[in-house]
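Participant: Spelled out, the chains give:
Protein chains: 4
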Amino acid sequence: MAVKTGKEYLERLKATKPVVYQYGQKVEDITTNATCVPGIGQVSLAYGLAQDPDPSVCDLFCTKSDLLPGEKVSRYNYPMQTADDCAKRVAQTRHFAQRTIGCSVRCMGLDMFHSLWHFTWEIDQKYGTPYHGRFKEYIKWVQKEDLAVSGAIMDPKGDRMQPFPSQQKNPNAFLRVVEERKDGIVVRGAKLHQSGALYVDEHLVMPCTATKEGDEAYAVSFAVPRGAKGMKYVMASTVGEARRLFDRERGITWDHIGPYHPVATMIFEDVLIPWERVFQYRELEYSAPIVNLMVDYHRMVSACCKSGNFDVCAGVAANLADAIGVSKAPHIKAKILDIIRMAESGYAGIIGAIYQGHQRPSGLWAPNTLLIAATWYNIKMCVSQVLAHLTDIAGGLIVTQPSELDYKHPDLHEQLEYYLQGHPDVPTEKRLRMLRLAENLISGPLQALVMHAAGPPEVNLGAIKRDADINKLKQFANALAGTND
Amino acid sequence: MAVKTGKEYLERLKATKPVVYQYGQKVEDITTNATCVPGIGQVSLAYGLAQDPDPSVCDLFCTKSDLLPGEKVSRYNYPMQTADDCAKRVAQTRHFAQRTIGCSVRCMGLDMFHSLWHFTWEIDQKYGTPYHGRFKEYIKWVQKEDLAVSGAIMDPKGDRMQPFPSQQKNPNAFLRVVEERKDGIVVRGAKLHQSGALYVDEHLVMPCTATKEGDEAYAVSFAVPRGAKGMKYVMASTVGEARRLFDRERGITWDHIGPYHPVATMIFEDVLIPWERVFQYRELEYSAPIVNLMVDYHRMVSACCKSGNFDVCAGVAANLADAIGVSKAPHIKAKILDIIRMAESGYAGIIGAIYQGHQRPSGLWAPNTLLIAATWYNIKMCVSQVLAHLTDIAGGLIVTQPSELDYKHPDLHEQLEYYLQGHPDVPTEKRLRMLRLAENLISGPLQALVMHAAGPPEVNLGAIKRDADINKLKQFANALAGTND
Amino acid sequence: MAVKTGKEYLERLKATKPVVYQYGQKVEDITTNATCVPGIGQVSLAYGLAQDPDPSVCDLFCTKSDLLPGEKVSRYNYPMQTADDCAKRVAQTRHFAQRTIGCSVRCMGLDMFHSLWHFTWEIDQKYGTPYHGRFKEYIKWVQKEDLAVSGAIMDPKGDRMQPFPSQQKNPNAFLRVVEERKDGIVVRGAKLHQSGALYVDEHLVMPCTATKEGDEAYAVSFAVPRGAKGMKYVMASTVGEARRLFDRERGITWDHIGPYHPVATMIFEDVLIPWERVFQYRELEYSAPIVNLMVDYHRMVSACCKSGNFDVCAGVAANLADAIGVSKAPHIKAKILDIIRMAESGYAGIIGAIYQGHQRPSGLWAPNTLLIAATWYNIKMCVSQVLAHLTDIAGGLIVTQPSELDYKHPDLHEQLEYYLQGHPDVPTEKRLRMLRLAENLISGPLQALVMHAAGPPEVNLGAIKRDADINKLKQFANALAGTND
Amino acid sequence: MAVKTGKEYLERLKATKPVVYQYGQKVEDITTNATCVPGIGQVSLAYGLAQDPDPSVCDLFCTKSDLLPGEKVSRYNYPMQTADDCAKRVAQTRHFAQRTIGCSVRCMGLDMFHSLWHFTWEIDQKYGTPYHGRFKEYIKWVQKEDLAVSGAIMDPKGDRMQPFPSQQKNPNAFLRVVEERKDGIVVRGAKLHQSGALYVDEHLVMPCTATKEGDEAYAVSFAVPRGAKGMKYVMASTVGEARRLFDRERGITWDHIGPYHPVATMIFEDVLIPWERVFQYRELEYSAPIVNLMVDYHRMVSACCKSGNFDVCAGVAANLADAIGVSKAPHIKAKILDIIRMAESGYAGIIGAIYQGHQRPSGLWAPNTLLIAATWYNIKMCVSQVLAHLTDIAGGLIVTQPSELDYKHPDLHEQLEYYLQGHPDVPTEKRLRMLRLAENLISGPLQALVMHAAGPPEVNLGAIKRDADINKLKQFANALAGTND
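Chains A, B, C and D supply the protein sequences, listed in that same order.
So the first sequence is numbered by our numbering: it starts at 3 and just counts up by one.
So the second sequence is numbered by our numbering: it starts at 3 and just counts up by one.
So the third sequence is numbered by our numbering: it starts at 3 and just counts up by one.
So the fourth sequence is numbered by our numbering: it starts at 3 and just counts up by one.
I should point out that these hints are in silico values taken from the structure, not numbers from a laboratory.
For each residue, glycine too, the CB sits at the ideal point set by N, CA and C.
Possibly wrong hints are sitting among the right ones.
Said to hold, decoys possible - Some but not every residue of chain A turned toward chain D, in silico, with C-beta under 10 Å: (1) VAL59; (2) CYS60; (3) ALA175; (4) HIS195; (5) SER197; (6) LYS234; (7) ALA244; (8) GLY327; (9) GLN387; (10) VAL401; (11) LYS410; (12) TYR421; (13) ASP427; (14) HIS454; (15) PRO458.
What the hints assert, rightly or not - Subject to a maximum C-alpha distance of 30 Å in a straight line, what follows is the list of computed DSS-like cross-link-like pairs (lysine-lysine): (16) C:LYS19 / B:LYS410; (17) A:LYS410 / D:LYS231; (18) D:LYS432 / A:LYS171; (19) A:LYS214 / A:LYS184; (20) C:LYS28 / B:LYS214; (21) B:LYS184 / B:LYS138; (22) B:LYS214 / C:LYS330; (23) C:LYS410 / B:LYS234; (24) B:LYS142 / B:LYS16; (25) D:LYS234 / D:LYS171; (26) A:LYS90 / A:LYS74.
Full structure from sequences and hints, please.
Facilitator: The structure is reproduced here in structure tokens:
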């Protein structure tokens, strides 16, 4: 069967030993690294849900595929061909976020599948290149083996005012081909913001900006297995990472952290990419379209993931309100409903965009990108409000509560039990655990994730600008003002 | 054919003479009344679009109906049975708003069709009453004759802290049955906020609040022809009405007012309603559901109408930016894109709600009301921002420009022509007309309409509360915090 | 005594006959023109308050002056020399706005006094010109006669992307000197947005943009009496104007309009300005500073005027909440408090800016312009929220109520009396009058006034940019990050 | 001299050994505890600034005192008697926040000085009690010794719907007197949210709610030395604490954490308070006024502290924009100016409130509490926007950057140096340090601090309600609508 288990996934992980650094030390085995363990668990959970006995769950996580007739494949590896495919895909995303406030790591890869599916087809049409068939074979193999594929886009970018890679003073600001060989191309550079890249099977890599004459070396898309020769990964060190490691050492168990995935800076030191894994090279005019189309799909999926996150925030807020007996206070109710409004209206907008879409010649379903960008912008603007409401309802204890270890300490337990009690019907421990979860949500990367996923707000405005037909809107006004030209 | 022309509509209008007051005087013929003429024109336009040669337009305005096999009926009279029906319905609404910044007057009536279609069926199931068949006959007749039907809901309501009609000191705070006769019921009371009621064929009337024991006389839904014996209409007198009349007297032609419809206070002085037009009476527990379901549909439709209005606002803003040469200024572009974002994300959310809906046993399509309420709340909160952006871009001249008559006056024309010129490529007259349109949008009832259509924001929050499953959200949080009960 | 009465003011008005157009007709006598009467009444009221028996009021409206030892002069003609002078000045402004939701028309003139006081002194220092003494004599005369002086700044400006007057295609885009004569200069051009200019005694005129070589003719500041030979005034024709005239013709008395002042486009057709009234001419580098300093003072005063307007909005909202019995509903209370918050925090910020100021060498008090710009920006962003709250609380009747004439009509009065009643303790007429006031506030120019007074939001951001010391802020960050250069 | 040095402060600290727990362990010496060291450093810095050679700094940190004629005392121990005192006090607060993004820990104590100064005087007037003289002696001693005094207000509060302490099921929800003895009272209970309480000299304690008959034991205010017999402190364990300890163990030096102070839960296990340190006991009607007045002063001071924090945020944002070359992008400039606007308008409002104040009979200066509450509410609403802007400008690297140790690791340094470079003119290390500072600001407790300092937003709205004169506002509206009663 093409759908694999979490155990099979884990075995594959153990079979390779990528070069990984964290806090100035080499990590020998990421499958036992305290930072990676929770994230690996999430990816495994996503494998498991594809075999969930509840059909309403299972159906979100796997589907039939034309490429492998008669087999179920993971929805994470399935290019969407209908509006209903898309609707299931975003429902899957929200469901997973509700259960984990986390992520399956495989979304970026799938979004890239769509973009490369479409543009390998287009490039072939124009240049007679063999990319599309090659890419289809790749996808077929990924589906068959049920591989986890991450997506790598973001180059360091250096001076942002120099949009084209070859104009940068620093040649390393963008990943590039440094050698062409018979057996493939050799690439050098870095990709940033690689969430969970440490424990996938494959990476898909593409440009992150437009390219023009002189940028040939930078116009390249390809696939590469995790830990290929010449690759190094450096783990990020956020405040959440530090706590996760710190807590683990002391036996603290209520960390309930995201658990957001450790993010890596991924370095390519002259890595050989065989030709059969190259899906674009030197077709300059396609770099921007490839990344833009990927981002269009990523907005769609990210937005619904955030609805799931906001759902959890609303649930935490509601529990915390119960914990001090204020659930019926009008201003508290209003704030919880406001979080729900933001979750639901965002989700609604994406579903709407899906059903206002159309089918592309390459067979994929194309949701309405203007509606997606408009909706996603709203969500980006909402996240600070969601967190502000949660902070407000949680109360000051969110940043002043003693640690789990103090709470359990015999010198302190009895007193903390009654001093930290809120409403008598809610166990103190429940309140403290919930506060800890709230703290993790607020101090964690949620705001940054929402703000920067699929590009910062300004980039999103750019998409609205690209897709809106301002001339048509002017004509409506002219017709009404009697000023038709 | 069941689809009638604007001319046929107008003939029907002329055939009755309702009792109408405006500015302290009886209006003898509303079809020539300066306040009513533009609104009547809009209703006529809507009739015309059902026969538009462009199928993409015509298709939004008429459809097939089960009730009249083989005939096309107006979409304004057609209860929606599929998600696609709903999607076409809201596209129709947006299209009409883009062309008119106005309204066809028939939406409230159609929203009521849905509510009464559903609840006459339910009431009959429970009580064995004959309402559903009766109502179906009514709709069939309305479709056949292509009548324009308005909806009348809002009672005066008196003291808002007394939710039940019989608790009010003032017995007239809600419309009620004052007599039961063999041939029907006699009703007394008033319905407020009756946009365009002066020039429809029929009114549908329903309760606007919950009723309980003691409120029997108030639990009543029925249809009544415009201008029935005992009815009086008093036209509203907004600032826009005053200008429209004033301008007309002086020959000003650039008024470009909405043209929003004159709103009437509709008074029932002991009006007889024959039994075959009564669709609920004394079934107390259904008053709230009837009005709530109507409002659910009305939110869906109103929201998309507002997208159309915002489209026009964006177009006006873009034209005005051109007129003074600032279209490329970053802050101006950002504000125009912001209006577009609000228009599109609202529309997207409603489409999403439609496709996340289900079919009711009574055959109607039920969009997801939580998603609708969440989206509609956003739009209510947006309108002041849209108008603020438009005010900002329009500039001070929006409230200081001379009148059209001064502009055309020989003593002044030459000077005003060059003093009021902005960018040399845009004719001064175009700028002035566009400013006038902007002024009408800003000073007009748009904000009040959006704020109060389908109830004020707090009522909308109530709908979110009704539909959200807060317990489920709490469980997500509990699962993550390890505090499952 | 240097403080004059409203009657004396009116006599002065009647003594001149400016050339005025409105709705395509010449206005023979503005003192009886329905549009002007309420505004003239406001100016008269301001005269009266300077002699109010209540010292807490009178003290806000007049003060001692160094220029006229031993005499009281109007505060509207008094350049401020201390923080306490400024604090009284803004208290005066708020007080007047609370009583009238209107304006005394004299603020712009006084703001210009400050700017010209300061820069005539500076220009004289640099060029040995005689402007400062000349200007002081002018002010002394204005104080002595207690004249009402308006300020005229805003040129048509044409294409906004051409910042310098001489670069415009249209030479009339900015007012300019067309001839120098022995007895003075001859000016041609227009000034827009001249609120209340029709019924002041004098106008002060200054450039509205920077000037550089080639713009000599445009770098000019001067005073001119209202209705000087060669001047024409064209009244604006807002929706409010139309209603005011319309209502007056029909005997409607509840118009409670602002009453905002009729705004004029003021045209100078070769008007001779004697040299003793010229306060800047050809000193190119001073045009921008003169207008900017004027605007700094105008922000200070306008902001507090808006607090007074918001006070009225809060009061109207509170009365309307009473009228339907919802004063205690939490969401209603929250919205009214929110309006109060916006009024008070704006006022507080301006007072703070005043007391963080310093004295200029020319003797004037200089409030802190950064604090003013920051506060004023907040207020600009608040006004749409104030009006949205008011619209929300007022309810739909704000745009649907019948006219006063219908309410008083014998056929309708009894019914409208009980149908339009809200809470039984509040007379129906009180409710209707208050709704009319609310309608005027919402549909009137308040939003445009706040948005554009002292320049649109972007101009205000420019002032923040001018005054903020971003390098100092960076150094704080560097010190904390250990990255001092 | 009454102004002491940081060294003297530190010696006092070392002389006592409070019972402190952290992460389940007793802390033997807080002066060497990694969590406490940075905070102790901040308190020491504040001592040092009182002797700063720069008079513009020194003047903010010390002043003359009536109580100790001829001596300079710390401004942290000086009750304010004039508007200028208050203006210097808030300037001190902003200055300290700009230098530390932190806090001197002594503000709450000083705010309590004001409240108890005033109410001991009032209680004595009413009951002939000896509190005021006793409290004056206490302040005199505190000034003389230049002690650091913290303020303890917040009880656990249990079920928030039970406002009176004696109504709580849990008797420990509020701190109370459990015994009266000849030599004093014995108190039991806890105070939460005790920032920096671990390293002050004294704590002032007061009720945090209203008390009525039956609550006598809860109506108590007193002073107690840090670490008095029977007291226990349990340190909070935020994500920032964990990182600070974690980093310290690994030799990471770029933590630049706030450094916010470790917050303690402070437990009183039957602590004896001698009568000469009791300042209120059983005067039930004064509990609410005491806490409310304290909060009024605390709002004033906190607000300006936040301006200092926002200044740093603007500086960090500006540095980060430089680091990737986007300082001139319009949307980036707009966001930085927006942070500045929020910092300055908040500060302006507080200064305004100060100068609109009056002197109390007890000699203290009373700023205008309505203006304070209005301004402080704005700031509370701003903080999420400040952090959102900072997150936006910082970019994704804020949550994905490798650790300092990786950056310095020989295997990685060269590559990270060029891959993490932004604009070539800004050293990579500077960018990384600044990102780390930004991360600490965003993930730290800033939002919670602003939201909950001086009570959550709803409590602040309550203060606006208390102080606003809604009837006066209604009268303005009535006068304009002609509806004076």
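Participant: Sort out which numbered hints this structure fails and list those numbers smallest first.
Facilitator: 1, 2, 20
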